[in-house]
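For reference, the chains in residue letters:
There are 2 protein chains.
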Amino acid sequence: MALIVQKYGGTSVGDVDRIKNVAERVQETYEAGNEVVVVVSARSGVTNDLISRAKALNSTPDEREMDRLLTAGEQETIALTTMALHSLGIPAVSRTGSEAGILTDPNHTRARIKEISGGDLKEQLAAGKVVILAGFQGHSESGEVTTLGRGGSDLSAIAIAAALKADLCQIFTDVDGVYTADPRVVSKAKKLQYISYEEMLELASSGSKVMQNRAVEFAQKYNVNFEVRSSFNRNPGTIVKEEVKSMEDVVVSGVALDNKQAKVVVSNLPDQPGAAATLFQSLANADVSVDMIVQNIGREGKANMTFTVARDDVVRAEKAVQSAFSDVGTGTEFESSEIAIVSIVGVGMRTHSGVAATLFDALANTGINIQLVSTSEIKISVGIHPESAEDATRLIHSAFGLDTV
Amino acid sequence: MALIVQKYGGTSVGDVDRIKNVAERVQETYEAGNEVVVVVSARSGVTNDLISRAKALNSTPDEREMDRLLTAGEQETIALTTMALHSLGIPAVSRTGSEAGILTDPNHTRARIKEISGGDLKEQLAAGKVVILAGFQGHSESGEVTTLGRGGSDLSAIAIAAALKADLCQIFTDVDGVYTADPRVVSKAKKLQYISYEEMLELASSGSKVMQNRAVEFAQKYNVNFEVRSSFNRNPGTIVKEEVKSMEDVVVSGVALDNKQAKVVVSNLPDQPGAAATLFQSLANADVSVDMIVQNIGREGKANMTFTVARDDVVRAEKAVQSAFSDVGTGTEFESSEIAIVSIVGVGMRTHSGVAATLFDALANTGINIQLVSTSEIKISVGIHPESAEDATRLIHSAFGLDTV
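Protein chains in written order, with the working numbering: chain A, 1 to 405; chain B, 1 to 405.
It is worth saying that the hints were derived from the structure and are not from the lab.
Accuracy of the hints is not assured; some may be wrong.
Straight-line alpha carbon distances no greater than 30 Å define the calculated DSS-like cross-link-like pairs of lysine-lysine that follow [stated by the list, open to error]: (1) B:Lys20 <-> B:Lys129; (2) A:Lys241 <-> A:Lys221; (3) B:Lys165 <-> B:Lys191; (4) A:Lys165 <-> A:Lys114; (5) B:Lys319 <-> B:Lys260; (6) A:Lys129 <-> B:Lys55; (7) B:Lys129 <-> A:Lys55; (8) A:Lys55 <-> B:Lys20; (9) A:Lys319 <-> A:Lys302; (10) A:Lys20 <-> B:Lys55.
For clarity, every value in this text was computed on a predicted model and none was experimentally measured.
Generate coordinates for the entire structure from the input sequences, incorporating the hints supplied.
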């Protein structure tokens with residue numbers, strides 16, 4: 001008998017038929033003799049509906065009231081999922097985040113988990129019950145309902161798995177697992193059997209988002225192995241875990257494409273302390289998230305700084321740069337353009353030389369110009385013209401032998 | 001400065017614009033220097049949607065889970081209404097039934113209120129805040145969320161008004177108040193300025209349902225005066241309160257029509273102890289609600305029993321009668337037909353003779369045959385053919401001088 005935590009996302013519980021499907025999968029797991037905790041999200045669309053109603057009434061809704069509003073979504077799905085299990089004859093009981101003792105800090109809409117007591121979950125499981133737990137939510141010391149931020153149900157699942165010392169944690173979603181590249185772009189993309197926490201994090205930040213990054217970080221911190229798999233078929237998914245020896249044979253695990261970026265090139269920035277700080281403080285004040293940053297020293301002690309932002313943010317970014325310029329002196333110029341970021345990710349890179357060379361070579365051979373390069377320990381990202389982005393992704397996928405993994 | 005409890009029903013908070021309208025009315029009341037507690041229902045339609053989802057998953061959903069499910073509806077509206085007030089610059093805070101200390105028995109889906117502590121409502125009001133309270137819900141001693149049954153938000157409002165010793169309780173709904181008859185049937189129907197608790201209860205049980213009967217009973221028990229009025233206009237409503245001297249001048253306060261009834265006539269029922277009990281136990285087992293019951297002794301010690309049920313229940317009622325017959329002996333027969341019930345209600349009847357005679361006379365003069373009569377202290381109901389129902393209602397309205405009140 002194992003203790004299994006299963007998490008089903010919004011699309012997996014999107015309507016009555018899908019909730020029935022979830023109940024049947026839970027039934028199988030339960031009837032195979034396991035203890036099962038099921039974490040569910042709000043039905044897909046519900047959270048967005050609630051947010052749009054809130055925004056229609058108040059452009060800056062109170063965060064406590066926002067948490068109260070949004071947690072109604074999971075409250076609905078835990079009750080419905082529990083009822084669906086009952087109708088299959090499975091004893092089940094619903095629990096809110098607060099009932100499961102998920103204690104958070106008091107920061108509404110973006111609370112961080114402080115401690116998980118588990119409430120009476122162990123007793124309910126011991127009594128033979130399936131526990132249906134509301135994802136996304138917890139409670140503060142003063143007893144207020146809090147939420148863990150968008151996608152927080154993944155974190156709920158990982159965290160409750162850690163707290164209960166679960167044998168297995170399964171994240172059911174609408175994709176089969178983690179692929180070497182987006183199968184819509186690279187037809188030869190393969191599903192990975194394993195991936196390390198670090199690679200999963202780098203892939204997510206490079207445009208291949210399968211689940212919330214905070215959940216992966218939490219899993220890494222508490223060493224919770226988990227599987228990402230589809231709730232719509234029976235295919236095995238991808239196991240996410242600590243890097244293991246055998247993984248090192250594979251240099252690159254995947255290729256990620258983010259074709260929704262823009263680059264902003266700032267030239268003739270004074271090469272002096274504080275200039276960059278002024279620039280990025282201005283961007284932060286405008287609530288613009290900056291992804292990659294690259295800086296070179298140019299002529300006459302002036303620096304060239306290139307950074308990328310989400311394409312939707314580019315107008316705000318330009319205004320922020322303009323306003324920063326009044327502080328950093330004259331002669332500074334900027335221009336922005338659309339860019340695609342292609343990244344390769346793999347823990348094998350650490351110990352293999354020539355990875356960057358292989359990448360650059362593959363692109364050069366087909367005449368794709370590299371506008372931007374950024375590297376981390378297990379990732380290399382290149383910025384290229386959006387028109388070449390999908391070709392480049394396929395080329396790179398082949399160049400690192402991923403077509404035949 | 002007065003403490004005012006306002007209750008807004010599902011249609012009054014049915015969409016974002018209507019919630020804004022509610023917020024503006026609350027603002028007026030607050031800015032006039034009053035302390036305000038606002039009780040809200042779920043948006044109209046939401047509760048039915050949730051119930052239909054539940055029924056699609058489980059024909060007999062667990063009642064604890066049902067309460068958890070349905071209370072999500074009010075959780076949404078308290079948060080949205082609070083946000084709407086914030087955007088008008090009014091300090092407001094939402095409270096669940098549990099936070100307001102509405103303690104109930106543990107009977108999920110139909111809990112009865114045991115005690116109301118009020119939680120921190122007095123402190124919030126003293127601090128200048130409007131409190132937005134979730135209607136329909138409370139909590140049991142073990143901390144489980146419970147609900148007060150359909151229409152329970154009326155009860156929440158009356159009960160919190162009693163607990164806080166409010167100066168005024170206003171039930172905002174989609175009608176202007178309580179009328180002498182349904183204005184859609186009787187064009188000369190007038191809105192009543194006052195009505196007694198008892199009349200309100202009798203009218204509701206006679207087809208003129210404005211609000212939940214339990215709420216009216218609760219108001220009567222704790223002597224909470226309240227006003228029923230529309231949230232869509234500024235017309236004064238109807239004050240519901242203890243009977244006062246001046247009310248006695250009016251013999252009949254209103255005429256109610258229930259044109260959704262059926263009568264079942266059971267003839268040759270053995271006139272012996274237990275026969276009626278067997279019959280009505282069988283109906284209760286089939287979950288058929290019986291409204292009027294009339295019995296006459298017929299020939300040879302056999303009784304004739306007539307009762308009315310909702311027209312939708314007539315097939316189940318017939319089956320229940322049939323099954324009871326196997327126990328009460330042979331020779332018993334029954335037939336059912338559609339019937340309309342017209343009732344006159346008025347505390348003045350108690351001290352005025354000739355009320356029944358006036359009623360029967362009005363019907364006889366126009367050739368309307370009376371199939372059934374039932375009386376209580378402040379009500380007389382007659383069963384007539386559904387075709388004559390609306391004419392009869394208008395005739396009776398005139399006969400008792402209500403056209404010119």
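To see whether the hints hold, each was checked on the structure:
Pair hint B:Lys20 plus B:Lys129 holds up; C-alpha atoms about 18 Å apart against a cutoff of 30 Å. Our distance criterion of 30 Å between C-alpha atoms is met by A:Lys241 and A:Lys221, whose separation comes to about 11 Å. Note on B:Lys165 and B:Lys191: the hinted pairing holds, with a Cα-Cα distance of about 28 Å set against a maximum of 30 Å. For the given pair, A:Lys165 sits about 17 Å from A:Lys114 by alpha-carbon distance, which is consistent with the 30 Å threshold.
Restraint check for B:Lys319 and B:Lys260: satisfied, since their Cα atoms lie roughly 19 Å apart, inside the 30 Å limit. Distance check on the hinted pair: A:Lys129 and B:Lys55 sit about 22 Å apart at the alpha-carbon level, within 30 Å; holds. For the hint pairing B:Lys129 with A:Lys55, the CA-to-CA distance comes to about 22 Å; that is within 30 Å, so the pair holds. As the CA atoms of A:Lys55 and B:Lys20 are separated by approximately 12 Å, the hinted pair is consistent with the 30 Å bound.
Taking the CA atoms of A:Lys319 and A:Lys302, the gap is about 22 Å. The hint holds against a cut of 30 Å. Straight-line distance between C-alpha atoms of A:Lys20 and B:Lys55 comes to about 12 Å, which keeps the hinted pair within the 30 Å bound.
Violation of the numbered hints given earlier is absent; every hint is satisfied by the structure.
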